[in-house]
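Residues 476 to 589 in my numbering are what the sequence shown lists, from first letter to last.
These are computed hints drawn from the structure, not numbers from a lab. The model shown is predicted, which means the values in this text are computed figures rather than measured ones. Where is the CB? At the ideal position from N, CA and C, for every residue including glycine. Treat the hints loosely; a few may be bogus.
Simulated crosslink set (DSBU-like; lysine-lysine; CA at most 30 Å straight-line) [as the list claims (entries may be wrong)]:
hint	residue 1	residue 2
1	Lys538	Lys560
2	Lys538	Lys549
3	Lys538	Lys517
4	Lys560	Lys517
Derived CB-CB ranges, DEER-like [claimed, not checked]:
hint	residue 1	residue 2	range
5	Asn577	Gly490	28 to 34 Å
6	Val476	Pro561	31 to 37 Å
7	Ala488	Ala576	34 to 40 Å
8	Leu485	Ala572	28 to 34 Å
9	Ser558	Gln477	27 to 33 Å
10	Val476	Ser544	28 to 34 Å
11	Thr530	Phe501	17 to 23 Å
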Amino acid sequence: VQLQASGGGLVQAGGCLRLSCAASGFRFSIYALGWYRQAPGKQRELVAVMSIGGTTNYADSVKGRFTISRDNAKDTVYLQMNSLKPEDTAVYYCNAAYGAANYWGQGTLVTVSS
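Kindly generate the complete structure, drawing on both the sequences and the hints.
Here it is as structure tokens:
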């Protein structure tokens, strides 16, 4: 089982990034998918989740700016991040969950400069 996150980097405030997370080793299409983040000195927090039926839920801090999507044909989940703010700086982790199974990617660093 593997979740490989990519797409992080350094961006100026107001800019955008798209994170990708490619999955392998499990039946991707039946898993709920999510993005979480952890800023320095803070706990990991939910950013966005998507059910297998496509229902989405976002943290209040990113609503209207971030969009989660999935491509079951490519076994990939995405996070489109627009209008980035310095407070969005964190390591972003992708997650796949189904029943007792819960998988995490390795994280990708997003740094937003002011």
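We went through each hint and held it up to the structure:
no.: 1; hint: Lys538 with Lys560; result: 13 Å, holds
no.: 2; hint: Lys538 with Lys549; result: 26 Å, holds
no.: 3; hint: Lys538 with Lys517; result: 20 Å, holds
no.: 4; hint: Lys560 with Lys517; result: 17 Å, holds
no.: 5; hint: Asn577 with Gly490: 28 to 34 Å; result: 32 Å, holds
no.: 6; hint: Val476 with Pro561: 31 to 37 Å; result: 34 Å, holds
no.: 7; hint: Ala488 with Ala576: 34 to 40 Å; result: 37 Å, holds
no.: 8; hint: Leu485 with Ala572: 28 to 34 Å; result: 30 Å, holds
no.: 9; hint: Ser558 with Gln477: 27 to 33 Å; result: 31 Å, holds
no.: 10; hint: Val476 with Ser544: 28 to 34 Å; result: 21 Å, violated
no.: 11; hint: Thr530 with Phe501: 17 to 23 Å; result: 21 Å, holds
Hint check: a violation occurs at hint 10 only; the rest are consistent with the structure.
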